[in-house]
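With chain A held as given, fit chain B onto it using these hints.
Protein chains: 2
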Amino acid sequence: MGNRLLDEFAYEYKHLLEAELRKLVDRLEAPPIIKKAMHYSLDAGGKRIRPLLLFATLAAFGIDPKKGLLAAAAVEMIHTYSLIHDDLPSMDDDDYRRGKLTNHKVFGEATAILAGDALLTYSFEVLGMIPNEAGSSDTKLKLMVEFAKAGGAEGMVGGQVADMEGENKELSIEELEYIHIHKTGKLLGFSVHAGALLAHAEEDQLENLRAFAHHLGLAFQIQDDILDLEGNPELLGKPVGSDASNHKSTYPQLLTMDGAKKALHHHIDESKRYLKRTGLNTSLLIEITDLVASRDH
Amino acid sequence: MGNRLLDEFAYEYKHLLEAELRKLVDRLEAPPIIKKAMHYSLDAGGKRIRPLLLFATLAAFGIDPKKGLLAAAAVEMIHTYSLIHDDLPSMDDDDYRRGKLTNHKVFGEATAILAGDALLTYSFEVLGMIPNEAGSSDTKLKLMVEFAKAGGAEGMVGGQVADMEGENKELSIEELEYIHIHKTGKLLGFSVHAGALLAHAEEDQLENLRAFAHHLGLAFQIQDDILDLEGNPELLGKPVGSDASNHKSTYPQLLTMDGAKKALHHHIDESKRYLKRTGLNTSLLIEITDLVASRDH
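From first to last, the protein sequence lines are chains A and B.
Take the first sequence: its position 158, counting from 1, is numbered 158 in my numbering, and each next residue is one higher.
Take the second sequence: its position 287, counting from 1, is numbered 287 in my numbering, and each next residue is one higher.
Chain A extracted, bound-state conformation:
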């Protein structure tokens, strides 16, 4: 892509994050097999888009992104748990993710479920580890409650339930948006919100960043649906057209491919409009937004 600023930033902070994730799991006094299963899925790579959003939000406030390292690790852990559980035979029944065998294909279903449970539980403990210099008790408590809301029945889990219920049905665009706002959007929103809370953002900045994350989340999902039809299966690490074969509704199906691309650009434009209104130095967040619109995997 040649986005110099973001490339360097992403390179540096992905490495820091991945080292932190390894360290956090290594220090657990737990049966080796569960730590191995946790490491396996945390190490599986990916874009680390949620941690990057958190780091870039801190940078927008002129604050050292390292202050967000533990919060970013918690977000990546809850995201990883959700992938492990979503891939299970009784859910999406996926054998591969990002070209690697899914957790349950390597460790068996029981260990995969428990590795997910352990990551989810640990993510809260990790938020609690944030040092006082980076976040007061009040801030940490607020983070944990927002995190639970974003991840639970009113957030990501609720979105996954709605997604399952929507299979084999003709959904309206509102129903499809409900799914994505909850399944993907809430946690992307939390990532931005967590950065803003750690930066002591003002109320109007929080509002604008919330709107930014909302539109970014929808753009992210629309691009996901577009890639499922037009993407390169080698880069995606999964076959093209898997949504259709899983009987999932998608934006291109409801809006036509042309309509989906228009919707994508609408949400990208809205994202940037709200970023501008924060009055912050949002160059990294803008680059992340462009990356979401143009990513190939």
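Errors might be hidden in some of the hints.
Note that identical chains are pooled: a pair holds if it fits in a single copy or bridges any two copies.
[Unchecked claim] No more than 27 Å apart at the CA atoms, straight line, and that leaves these computed lysine-lysine pairs for BS3-like:
#1 Lys47 to Lys272
#2 Lys35 to Lys14
#3 Lys142 to Lys67
#4 Lys169 to Lys35
Keep in mind that the hints were calculated from the coordinates and are not lab data.
As the structure is a computational prediction, the values presented were derived from the model and not from experiment.
What follows is chain B alone, placed relative to chain A:
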């Protein structure tokens, strides 16, 4: 049993707890099916031993047990999630619990996994709801971190992993204790610890209560193993001898039935010895301890 004091106390606080659990799930803005699945397992009854321990610990300090209502609800939620996941086909594969169909038999595996995930996630949010009069931000933060440790890879999840790994193997008594201290003991310990933290216990009281809970947890599990062989299947809601048919090591198997009963009484005596050392009014906690030793289901 005729334990007048505990009978009345348990009656009152079980009702309060169950009403609170219903209210907490009702207020969620989430797809109806996930709320139904959460309610189903929370409503399945049981002894509510963890909440009762928390309430009775507050009472020992002369503090209104109602101050512990949200913490007790959180503990019962995390316990309930663990039962839902443990019962899954890939884990213990149980069709009945307490005489009722297990969650996945009613709602299907995918919804059962997600109902467990939602309960686990919500339990942290519920701890965060504790009003400031009952617990400061620092206390709540400490509760959440202790809760995550008790529930996660270093606690309950680690115990479940060790339990699975121990199937079809001849375990040593140390290995068996590792399983039970983690799988059951950590959360029982948290229940007592949470009551003590909300009561601003002093360090030596915390230590004695920790030792009390440790021995109570082991007594609880030994009695569980004894009941599995000598209990009444109608009261238990499951067939007798299910541990053996699931190829699980038990105390009677490792110690003989006589040895297991001796160990039970040793741990009950130790529990009471540590209770006495707190210098608190522990009559309710003593009655709970006796109940653990003599319970028939």
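Hint check results:
no.: 1; hint: Lys47 to Lys272; verdict: within (21 Å within a copy, 54 Å between copies)
no.: 2; hint: Lys35 to Lys14; verdict: within (21 Å within a copy, 37 Å between copies)
no.: 3; hint: Lys142 to Lys67; verdict: both (16 Å within a copy, 21 Å between copies)
no.: 4; hint: Lys169 to Lys35; verdict: between (39 Å within a copy, 21 Å between copies)
In this structure, every one of the numbered hints holds.
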